[in-house]
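Residue numbers (my numbering), protein chains in the order written: chain Z, -3 to 361; chain Y, -3 to 361; chain X, -3 to 361; chain U, -3 to 361.
Be aware that a few hints might be false.
Which copy? The list can't say, so a pair holds if one copy fits it or any two copies do.
Claimed, not checked - Result set (DSBU-like, lysine-lysine): computed pairs, CA atoms no more than 30 Å apart in a straight line:
(1) 246 / 180
(2) 139 / 95
(3) 139 / 180
(4) 180 / 50
To be clear, the hints were calculated from the coordinates, so they are not data collected in a lab.
Given next are the chains, with one letter for each unit.
Number of protein chains: 4
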Amino acid sequence: MAGNSFGGLFRFTTWGESHGPAIGCVVDGVPPRLPLAEPDIQRWLDRRRPGQSKFTTQRREPDQVRILSGTFEGLTTGAPVALVIDNVDQRSKDYGAIKDQFRPGHADFTYQAKYGIRDYRGGGRASARETAMRVAAGGIARKILGDAITIQGALIQIGADRIERANWDGNEVERNPFWCPDAKAAARWEALLMDVRKRGSSVGAVIEVLASGVPAGLGEPAYDKLDADLAKAMMSINAVKGVEIGAGFKAAELSGEENADEMRIGNDGRPLFLSNQAGGILGGISSGQDIVVRFAVKPTSSILTPRRSIDRFGNEVLVSTPGRHDPCVGIRAVPVGEAMLAIVLADHLLRQRALGAGPAAPELG
Amino acid sequence: MAGNSFGGLFRFTTWGESHGPAIGCVVDGVPPRLPLAEPDIQRWLDRRRPGQSKFTTQRREPDQVRILSGTFEGLTTGAPVALVIDNVDQRSKDYGAIKDQFRPGHADFTYQAKYGIRDYRGGGRASARETAMRVAAGGIARKILGDAITIQGALIQIGADRIERANWDGNEVERNPFWCPDAKAAARWEALLMDVRKRGSSVGAVIEVLASGVPAGLGEPAYDKLDADLAKAMMSINAVKGVEIGAGFKAAELSGEENADEMRIGNDGRPLFLSNQAGGILGGISSGQDIVVRFAVKPTSSILTPRRSIDRFGNEVLVSTPGRHDPCVGIRAVPVGEAMLAIVLADHLLRQRALGAGPAAPELG
Amino acid sequence: MAGNSFGGLFRFTTWGESHGPAIGCVVDGVPPRLPLAEPDIQRWLDRRRPGQSKFTTQRREPDQVRILSGTFEGLTTGAPVALVIDNVDQRSKDYGAIKDQFRPGHADFTYQAKYGIRDYRGGGRASARETAMRVAAGGIARKILGDAITIQGALIQIGADRIERANWDGNEVERNPFWCPDAKAAARWEALLMDVRKRGSSVGAVIEVLASGVPAGLGEPAYDKLDADLAKAMMSINAVKGVEIGAGFKAAELSGEENADEMRIGNDGRPLFLSNQAGGILGGISSGQDIVVRFAVKPTSSILTPRRSIDRFGNEVLVSTPGRHDPCVGIRAVPVGEAMLAIVLADHLLRQRALGAGPAAPELG
Amino acid sequence: MAGNSFGGLFRFTTWGESHGPAIGCVVDGVPPRLPLAEPDIQRWLDRRRPGQSKFTTQRREPDQVRILSGTFEGLTTGAPVALVIDNVDQRSKDYGAIKDQFRPGHADFTYQAKYGIRDYRGGGRASARETAMRVAAGGIARKILGDAITIQGALIQIGADRIERANWDGNEVERNPFWCPDAKAAARWEALLMDVRKRGSSVGAVIEVLASGVPAGLGEPAYDKLDADLAKAMMSINAVKGVEIGAGFKAAELSGEENADEMRIGNDGRPLFLSNQAGGILGGISSGQDIVVRFAVKPTSSILTPRRSIDRFGNEVLVSTPGRHDPCVGIRAVPVGEAMLAIVLADHLLRQRALGAGPAAPELG
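Please work from the sequences and hints to get the whole structure.
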């Protein structure tokens, strides 16, 4: 109930602070006999790792993951998989006044209010560093999903600047430092972010994550709807302020005719949807269409510009946060969003398996 | 894991289908010695009840709730509170072809895919009727929150027509059939919905729910963040496609300076925020500011206009859904959103109590 | 967390007090397309029903169960199954002094201590009446287990009088009012209980429950061991004070040689155990042998003999409990124990299915 | 659901295999601002550590615990506490035939049946080594309980040889290698175990664990009864086959008069029980009396004497297990039982706090 675990059948628990000796997680509910070794996880961590471009924090962490349990001779055994990453680059320093001050937009004030104590070093437990373990757990989730289900995230907006849908190129996503599918937008963003950084400011972003190949039937109808679990998964990522499925907020503006995705029988004799306003989820259950999730990330709160705040003794202060901060934390949220989507799907895949509900699709014809 | 329960310490489980004999819920974790009788719940149900205006479904249900357990001499005992509402107006009828057809935008297809069977009468378990029990459970949650915490929802957009923030009048919300805080918008919506209904169409909406008086310190940092639980709570409501906290998707467009709410010491010697982009939640924990949640509801899928679909035998069909349907289901979602907000807050209030964390706010001065 | 639910994937929640309008439960996680109607549950309830012999309480309850949700045209739909039994024979009466007194051996004192309020009528929530809903949920669990898994309980000891193992006759269990497999012991118990009742006293009992046909592989290794879940299941039944698996406490007296069940290959080419000290569970996981669980039930606390106690005002009082009480509540615990065994097995069967772990038994030969 | 976690509000998750690089756990739900450092945990681990006497396994593990998260400047922060112990003495070796054979009485067969794969080195996840982490988590639980609640375990039976209750001396428990409160029994056991060891055999044991100072009101009435959770906690310890509360199985032989503990008002004006057949728990809720739990441990399955078994290819084999094994694993189960009792109490203490139920005891006088 202290909330450091996520998932039902596929369930992981994370621990660790930004400036402690290590961070880690325990992944429980991993089915046995899946091939799993450190590179299967490391490849995803490398995508999230800071210090890779001038647009992400310059903290240099190798983020080398070790598997401490749950595998034997290269296969999972059904026992919990413990993962750990040592914190290398903590840069211990004198925190000075900052340790008693509440940085605007940070969790400093609320942690103090909740616990009456806080580890102020690097944000402690509230650091985005925690998301590394989501990415690691996501690597295991992908093993459960198998190759037939693919997941890809992309940055579709920085500040007020959105991509052109018409320019979407899946391959472009891996080519620029923004996970941007629109090469022209990527070029604009480079300039935009250079300027933001120069001004010691920051900017928000919107991420879209897609899953293809998801069978119909995943998700529980009432409270553990697939979209409800996805909303929780994404909103639990640091700095996220909004989540949408399919048409999302735009759905409010649509007519019933526009919104309800019509169906035909495809050439393969299978159900075929003619549109995907639903984002692949109807009544909380996957329809077999692509799952489409979008989420908004607020601008980094750590900025150079001095901001008014208070300290824990009730003094009014001015706070500025020098140092190595991402001008746009949304960029690194892309692999995290992908991981959370994989995790939710893996969980519901196992749940559906438990039901033993034969038909993954209606008996047709 | 079948997902018909919600909450941690304050936890309720709902059951029932649209056309079964009754719907109900069990609310577990209700603290003892709270005054509780049926009118305490009925008053909220009456706000959600269909058939109250020409803009909501004409199904006429008295929705009379009965408490079957958990109270004694007008007080809760700590035992589970069972609530039940008999289904009166089921209007049994010949379902004809519809029982094998998948209505576009409905859960018909996905229920069939998941379970290989479905109760097609009135949408079965997928009916919005399930939300009555959320409202009922919300009535109990409000007892836990007490009078110091107030919750109010409002409809802020129908179709593409939004309210003017400047026109916001809290009292107006109870005066029109839309829970609209802007009297001018309410007037426009009346015409808009008459037109929608005439065309046999439907339209979506956006709801905003606020909680005032929430103490700082509620919420768990990592996965059970207060906003993550709220996102799940709202997204689990039928037809919801998007959820925002505070500035929400707009936060992506803000600069770090604009977004981070500055703080001062108020005249009462307490922390004072100068803005509320965060929507009352920082790092997943309440800050003491108003909690602000917004969610988008898609247009009703049940429309008169025939739409292309298939049936479960693989035939291509045309489906139209005559009958008593809300042109805008978003209207009735207002009390449901209020209830879910109350439920999430009550749950986290109990969780925080368990921590025994003394200071609800930092030691100031 | 208020503890009125039991199980993981197969999960039920009970509610209701002895003298309220009804008792009920919600069973969630029932797989779809199982044939289920009221008689499937009623047959088990009839075994537990009070008032059936002179040795059980004379409260006369028809205990007629109704299914309010989760089935359609005689099959489960995957939606939660709500069951309810109206309380018919509450015999409202003047509770007099008893409402403030703590009956020795009852939960009166501890409920008051925990909640600061209690429903004193008929024991309220602490009444053995709650176990009816375990039996009802057990009826659904048996549907999941199917016919290949059989469960039978038996009373093997009343007071200090134990059955002779050599006299065990499975058919005898259904022939006497004690569920006793030893006809000679049953005869003795008839006299024994007549005497106990005459003296206004009561006596304890030991129950043994067996499950045959359980596949190897059910149970989770560490904390949700099959035996750990069974221990919780049985100990949660009112008045139970001890639980054993297989050799149980006797295992403490055995040598390693005696205790470790040897294995051979049976004539059918399958693993064959030469003894069953383990009670069918090794390392928390079923071995394919019979599951053997035993539990001890204390004597009914409600007795005629006056006993010293206190009331909630701190007065010392004498309490005697006249009325219709079982001289041996252990008798009616037999069907309850069977139900709890069925429930635990059904839950772990679904969990194992989720793992998708192919081989229910090792690859032999 | 894979069962490597235990507890509700105080919840820990363990991981690790006997011969992996390390074992560990994550303890979530630890209230903030508790003093906690490694020695607070190490002192309990030292009691459980193998290699301390000739009667426990000669595996030499320093079992040095490290805290990797959740504390700051010597206090808990409310964040999850990660603990890790490196495995030092794995003695890698050629496992030869044993890797395919099922040792009678071990989990070898059932792990293979469940998962289709197993880590055979030192028992893998099924090793008693896992219990070290229960002891570690128990150290944190004791911090929550505070000094007013004391817990002490004792060995009260080895094989068929029981202590004399009249000889009970609490101080004696720490003086002999058996945690035996009866000096005379301890002397007999020394000879008994020397003989058992000489014969390459093993023997079972019974442990009793007591908690004093527990307030009335802990535990949930129906399924999470305090005794039900204790039964699960103890039965989940490796090799445990039976659990009793208070009079336990003996309660079956008692009359209602003998069994129901009478009450008076003590000299301090507080409720006073005249006996404790209930073991401190009535209706699943603590009464304020001592909590008394007993559990039976089977004899070590790893014995020198060859036993008949099979291997995973279906061959009949003879298995003997040379090496460093405890002749009586029950001895080391004493600190584990203490830890599990502390853990269950800490969990229910937090749950009760959440209820905010004022009176820990009835309003008297």
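query = Quick one: residue 180 to residue 50, C-alpha cut-off 30 Å, is that within a copy, between copies, both, or neither?
reply = within (19 Å within a copy, 50 Å between copies)
inquiry  = When Cα atoms must be at most 30 Å apart, do residue 139 and residue 180 count as within-copy, between-copy, both, or neither?
reply    = Classified as neither; 34 Å inside a copy, 55 Å across copies.
key: Within, between, both or neither: residue 246, residue 180 at alpha-carbon 30 Å   = both (25 Å within a copy, 23 Å between copies)
key: Homomeric proximity label, residue 139 with residue 95: Cα distance no greater than 30 Å   = Classified as between: cross-chain Cα gap 27 Å, same-chain 42 Å, threshold 30 Å.
Violated hint for the displayed structure: number 3, the only one.
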